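Trainee: Build out the structure end to end from the sequences listed, making use of the hints.
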Amino acid sequence: MITDIEVPEPLSPLPGTNIDTDQGLLQWISSVDHKQLGIMYLLMALFYLLVGGAMALLMRIQLMVPENHFLGAIAYNQLFTMHGTTMIFFVLTPAILGFSVYLTPLMIGANEMAFPRLNAFGLWISFFGGIVLYFSYLAGGAPDTGWFNYAPLNQAQFSKTPGVDYYCIGLLLTGIGTVATAANLIVTVITLRAEGMKYKYLPVFVWMVFINSFLILAAFPSLNAALVMLLIDRQLDGHFFNVNTGGSALLWQHLFWLFGHPEVYIVILPPFGILSEVIQVYSRKPIFGYPFVVGSGIAISLLAFGVWIHHMFATGMGNTVNSFFAASSMLIGIPTGVKIFNWLGTMYGGSIRFTTSMLFATAFLVEFTIGGLSGVSFAIVPIDWQLTDTYYVVAHLHYVFLGGSLFGLFAGLFYWFPKMTGRMIDERLGKWFFWLFVLGFNLTFFVQHILGAIGMPRRVHTYPDLPGFEPLNMISSIGALLMGLSMMPFLYLMYTAFKGGKRAPDNPWDGYTLEWLATSPPQLKSFSNIPPIMSFRPLHDLNHPEIGDHKTTEDDKYGTKDDDVVSGRD
Amino acid sequence: MMTWLVVGTETIFFLALIMGFIYFAYYPGFDPKSVGLLEPVQTGAFTALLLASSLTYWRVEVNFKQGKQKPLRIWLIITLALGATFLAGQLMEYKHLFDQQLVISQGTFATGFFTLTGFHGLHVLIGLICLLVVLCLAFLGDFENSDSSLIQAVGIYWHFVDVVWIIVFALVYILPQFINLHGHVSTP
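For the protein sequence lines, the chains are R and H, in the order given.
Take the first sequence: its letters are residues -6 to 563, numbered as in my numbering.
Take the second sequence: its letters are residues 358 to 545, numbered as in my numbering.
Nothing false has been slipped in among the hints.
Simulated crosslink set (DSBU-like; lysine-lysine; CA at most 35 Å straight-line):
1. R:K492 to R:K278
2. H:K452 to R:K153
3. R:K153 to H:K390
FYI, nobody ran anything at the bench for these hints, they're computed from the structure.
In this text, all values refer to a predicted model and were calculated from it rather than measured experimentally.
Mentor: What follows is the structure, given as structure tokens:
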């Protein structure tokens, strides 16, 4: 059955791939191997996740009781700005890029990315962007203007510390790295697919990465342009966003959200892909409605650019503009709903294994739906006017970023952990981590919906002792501490798995896609040959020839016709 | 293909800058004093040189396809010279404007003008560096009977820089001459 297809290889050896692995750390720093770079992206995301999470805990301690003096206004402003910026640009984005560069070549049966050195460049420039951002603490004060850094607050006369300059330079560097990696991923998918890997056979995750990379290429330049303009304003006395001298504060919002809105889809599309892989493997069923899952991803990416003004309903753009963007924002609910139903359809009737990974995937469905519904409520302009800049927004964005993106990433981490490290995790401890995290997450953010509805503004370092504020804030803070606590079993889990976890077989979950064909962990050269690809579950076809997807009729699949039983459709 | 993707994302970057320029310069109206300092005729001449460099580069690509090494090198040198002259012209213009006290902090028009043309100049510089690399490789004999896509990739970029300049030139130098100048002078 297995007819070998030669995997095309680069004609000349790549630098770095023939270095002895006993070089230790130097091997990692100088690496151009997509698997090592992917792991480093993930480690970078984990590092910044712990830093950003610690900041969130400090903020929640400050907000535990009314009129608290734990941090004070200045430190609090810096903390919420750095927390938001870190989580978006140095946790979620590197994490999705980490999975993308690790898995995309493996899943399409290639041995490397199209441009290995560009890949390394992307990682390191992103990493140093983060260092530059954090250096602002030493240079006189971190940015204190919120992660979206609205004008005119970001102007030199209102933000006197150099924090915003470091924000600009740090994010510019990261932006360049992200764009480079995205272009690299697109070229990889187009040019390096194994023979027989047609577009209709790409794994759903690769499809989402592919779509997502175009989204990155189109969205990040707006941010970079805005950052350049802001730097000119601050360093060269320019007038782009300076309202006093003829500039426009709205221009910043337009440019920022023209990037910022697609960015929230940039960090959710790959988790959608992860979820599609995880749910189908753990349900032992092919994904329900493959063309619809992919198509709705494309629809989301196109709609992403038509909705940015829903962040600006309260700026007085006029009723026509508001109505148009309210309608287009609600449209996003349709392809997202299609995806949710596809996943439910995949799980329906499947024989589900509730591993830690699958638990996170299931929790994703619940939390992301809550986050999506509160998002639709914002698309209704009067409700947005009422709730904008309250904790309701905070609750919504955390439900989609954490309950959506991060849960998806955790699902992916536990799913691919055996592949990446060659070790199995302790499922019992994993479930402890899952329940603690989900409980803490919902405690923290669910009550913030109510807090927002009864009028608590966001971005305030303290609040008066109004009825209801104290108990709800207390519950929220306790939830946050619980989430912080859940990081202990998580880190312990990672540590013990690395040190003494059970050896993982090549394909522990009976996975469907090509990465499970490689050894665990994969060698520097992942494949020497791959099976013929005749469906979007090539490895499943190989391991279960009797029920392979490529077989056209029931007779074929179950051998009920006499002749032509196992020959397939070669 | 990589070049096409890079050009695509650069297009959006320039679109954002151009949008910024239009937003300020056209909506409140131009500052007549600043616009009056620009010299469309002189810049127009340099624009013609830049456009000519696209034509000469097209000759480079044709000669590469035909495998003719000597004309390839000559056309490359001409392209480089034309591009460098354009950049020198831009520097001269900047110096002229600085002498007339038009600097980036002068007002919204100046901010938009220097950002837009400055970033274009930066892209010309990057293009010149790429051309220089291609030239060195050409003299080292890298393009004899080769299927390298380098010349084509640099070409896409160089033509892109040209197209951007046509739009910038029209928006910044030509169009303001035809509309009523009544904008406010912003206080620096």
